[in-house]
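S.K.: First to last, the sequence lines map onto chains P and W. So in the numbering used here, the last spot in the first sequence is 273, and the numbers never skip. So in the numbering used here, the last spot in the second sequence is 574, and the numbers never skip.
No lab work stands behind these hints, which were simulated from the structure alone. Don't be surprised by glycine CBs; every beta carbon is placed ideally from N, CA and C. Any given hint could turn out to be false.
[As the list claims (entries may be wrong)] Taking beta-carbon pairs under 8 Å as the criterion, some of the chain P residues facing chain W (in silico):
no. : residue
1   : L162
2   : G163
3   : L165
4   : A166
5   : P174
6   : D179
7   : L180
8   : V183
9   : V187
10  : S195
11  : V199
12  : W202
13  : V247
14  : L249
15  : L252
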Amino acid sequence: MASIWEYANPVKFSKTASAVLPWVTVLAAVTLATGLVWGFFFTPDDFRQGSTVKIIYIHVPAAMMAINIWAMMLVTSLIWLIRRHHVSVLAAKGAASVGVVMTLIALITGAVWGQPMWGTWWVWDPRLTSFLILFLFYLGYLALWEAIDDPDTAADLTSVLCIVGSVFAILSRYAVNFWNQGLHQGASVMRAGAVTGTDTEEKVSNVFFYPLLLCMIGFVLLFVALVFLRTRTEIHKRRTSALLARERLS
Amino acid sequence: MIALLTRDLKLATRAGGGFGLGLAFFLIVVILVPFSVGPESGLLSDIAPGVLWLGALLACLLSLDRILALDWEDGTLDLVATSPLPLEGVVTIKALAHWLTTGLPMVIAAPLFGLLLNLPQPGYFWLVLSLAIGTPALSVVGTFGAALTVGLKRGGLLLSLLVLPLYVPTLIFGAELARRGADGQATTTPLLMLAGITFGVIALLPFASALVLRVNLR
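Go ahead and model the full structure; you've got the sequences and the hints to work with.
M.R.: As structure tokens, this is what we get:
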């Protein structure tokens, strides 16, 4: 069994990414298209929310990805700081750009959903506020990348920021919970009781759940494809600048 | 370390050190608030704890880039880094000096500014207590931000973008403690949380600050 660290070799990573990328892309497109079309056209309207419930197929997966991408960045940043594999930190950088867009999508679709349901675009609800703070963390992370010229210094500093930021993001989440009670419902899609069937009351109905699951898988695949693409581009960019520097020297 | 602390304090308090600038900024924020929201004393006393906390936070933020930038420019930081002092200790001393020159004066002056905003009577004790416990956290977190951006040409604005999200938990619990104190509600939970955050960042964040400072000095 090949070790995962083999992919720390940029050449090996690029090769694998190039081989896998078309498949992941096509799979993501198919899953997303199926999930969204199924969700939008072949599910009944919710008896209270009407057709606005269908925004769930974008809102929930985007929100899920926004958090998970930060978690992935935390892991890859740690790998960079401990084992100093360049691919790892470049993947974190690529993931951050995707993550900031996912956070924005979750916020905007949430506002669009909140307007007819709660009668307001925005409330200072804990979940909404935490997402806004997460958005700020993403912005700070990306801004730090942009601000530093030397790539290794930038990688080190952003990695430390990611780790410190994670701690403070979790802290903010609890602080915000303490600060204000909210309108947003609790987690009702993936609940331990709901999966095992012991808790049937508070769960999203299966009619909505299966297309939603498909959309979630689609978002994950889309994210994987984008990260592969962005990381490969970054590796190529590094190599180009290295070649240019060598040319100038000779 | 004591020598470093006295040096920083002397530099800050003597002419050109910018001592009191943060305090003046705090005062101006407090004075501007009634102009923007109107002079009704009921409204002012409602928002007083929050405004005072926000003013203290912004005044603290304003002086962050002075913590390390000047020492970086004249090479003091390189000398200190090559000295036998551990860099973790150095950044802790830097944060302490920053707190003594900006945080502590604000804690002392806050009741006076509370008077301007018509802070309710029971609120003064809690305001001073919350600021006294909370502002060290602001200084320590700010030192981390300053260490992150010290090598950058235009680090000032970026520093705010990086540090402000990190200030969120401290601000929430600090302002909540002051507000609850002013309203006469139970104050134990925010008090404990605020103290926990402060002691936590004092214990852990200097390691991160020293780490990024080493990267920047490389």
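S.K.: Under the constraints set out in the numbered hints, which ones does this structure not fulfil?
M.R.: As far as the earlier hints go, 3, 5, 13, 14, 15 are violated by this structure, in ascending order.
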